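Q: Listed below are the residues making up each chain.
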Amino acid sequence: MDYEVKLEIFEGPLDLLLHLINKNEVDIFDIPIATITDQYLGYLELMKTFNINVAGDFLVMASTLIHIKSKMLLPGSHEDDEEEDPRAEIMRPLLEYMQFKEMAEAFSEREILDRDVFARTVIPYSQDGVTGEEPELDVSLFQLIDAFKRIVDQRLPGTKLTVQHEQWSVKDKTELIIARLKEKGAIFFREIFSEDRTVSEFIVTFLALLELVHMGLVKVLQPTSEGDIRLIPSFDEKGGNGNES
Amino acid sequence: MKRVETVTNHNIMSKSLKLIIEALLFASDRPLNVREINACLPDETGSKITQALYELQTEYDGLKRSFVLREVAQGFQLRTRSEYAPYVLRMLKTSPTRLSRAALETLAIIAYKQPILRQEIERLRGVDVGGILRTLLEKDLVRIMGRKNLPGRPLIYGTTKKFLAVFDLKDLGSLPKLKEIKEFGSDEEETIPISEEETQMGTSEPKND
Amino acid sequence: MKRVETVTNHNIMSKSLKLIIEALLFASDRPLNVREINACLPDETGSKITQALYELQTEYDGLKRSFVLREVAQGFQLRTRSEYAPYVLRMLKTSPTRLSRAALETLAIIAYKQPILRQEIERLRGVDVGGILRTLLEKDLVRIMGRKNLPGRPLIYGTTKKFLAVFDLKDLGSLPKLKEIKEFGSDEEETIPISEEETQMGTSEPKND
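Chains as they are written, first to last, in this note's numbering: chain G, 39 to 283; chain A, 309 to 517; chain L, 309 to 517.
The hints are simulated quantities; they were obtained by calculation from the structure and are not laboratory data.
Since this is a predicted model, take the numbers as computed values, not measurements.
Hints are all accurate, no fakes.
Taking lysine-lysine and the DSS-like style, the derived pairs with C-alpha atoms no more than 25 Å apart in a straight line are: (1) 469/A with 478/L; (2) 372/L with 222/G; (3) 469/A with 469/L; (4) 470/L with 469/A; (5) 401/L with 220/G; (6) 456/A with 421/L; (7) 401/L with 356/A; (8) 372/L with 326/A; (9) 487/A with 61/G; (10) 356/L with 401/A.
Full structure from sequences and hints, please.
A: Here is the structure:
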């Protein structure tokens, strides 16, 4: 028999069978079972020659084919209307398989998300009330606190972190930060402390920032681990606090 | 650009409604359905929101922007047009969503036959599908729906909402109709078209012929 | 250098350039600067890209859409206008929350090992889980089932009804058994590159419907 089998990795026995049927351009409703069986077995032989492990599924199909072939050879068995065509045993699963292969093709031709089309990838706001366990931050809370400590050390060397009478409320400072972000769009972390005079003011400013980050209104970015931390409004910088008209 | 004429009160309202909905869609990273939009706009009715959504859809098409409003996974989502994919992929520096042919076939079987057992999938594909099922579960395209009351209590599989979103489907009802088996003739080549475009796009699916 | 192209050609070019840039900005989760955009469009010059960006800016303002193109510290970003903030915030508040990897791992341990003591979870994860447990309790994914009759009467944890709903499980028996998960095996061929987006959207995020 003169045929050529490309050594392909077939998904399974049905895949191989379908390939052989297509290659021989035969009718799936009238499969020349002897030819197809020979080619199928030839392919398995080839796989063995190339030391490719032949999965059990392929061998089960091989014996099914041989069985059908022998049944077909029995005189009269496939002429008889009373009895079902022995080939129905593989025809039905093949047809079903073709059906899903076609659907798989149809799927792959669709406009697939993240292959053909893209949606918005909005930075999610952190929504949960109390915990800082899953902050949607590009910088860790630790880094932020560390940076805060550095600034305090720099600006107020030797000062003890004692809390004095509070002149500023967190709310005041929150508004100040928002005002600055509105004005400038993005600011450096240290800038929000530029007018702070006392440790308590520092702390209040810092708490205000944490609050804003927590509410998802400010995003903290640090381009490199050495770089200056930057604050950007994570909403439109004209709004931010979300209760303007 | 059609009418601008009389700005009645109603027009102002519906114009702002459309824009509010646009803002919501714009700020969301997942499809939003009418109910969800309504929750943000309690003074509006669902039907007005639906109408506004369809108007937006027409509007984007008319404006010929780079994005469109698609109805997917029982919701609405803004998406870029497919012709911009090469640029976006370059910008995102990621490889596109890829599914092997085997994974797609398995997915198709699950989509059409759900709820389905693993053994049924394997009967239809003629091979073991353990690894593929895992991939599909990991990618959140397939989910475990429960267990069948059979010996061994086998797991039942079905598709997810993400499956609908990824494959641009409104709901399971909008899956392309399965061809009746009778309709299959011998003209194999015609019933299984292979997209040229896909080969160009460099998807990883190996073709077998 | 003066422009060499004819005006017509230039117009066509910049129109499609604008739309490509729009698609990039649309699909990006962070501001893009001219250099980054140029990297996706190597045939264009920086100045043409800058010009297109400003044209887009004017265009959105003119169209009075709900979003604008803002020039921020790191580049250009599409953002919703501030007047839509209240609606957007309302929408985002009702969005599904994401679970961190740590939370998900802890939840998995509780789901499979319940009833379980905190110290057993910590032994398995190798870290303190106090904070995560609190989060899971707050999110109503985990509940306190009682106390164990041991010194200190430690609390016993288990999953909730909401846990089942979130993970789309009919009952706890529908959770795949560890043995079944193993049986899925790992299929070498199925190591499919997953885009960043998908990693975010994938299995680490519970669906809320």
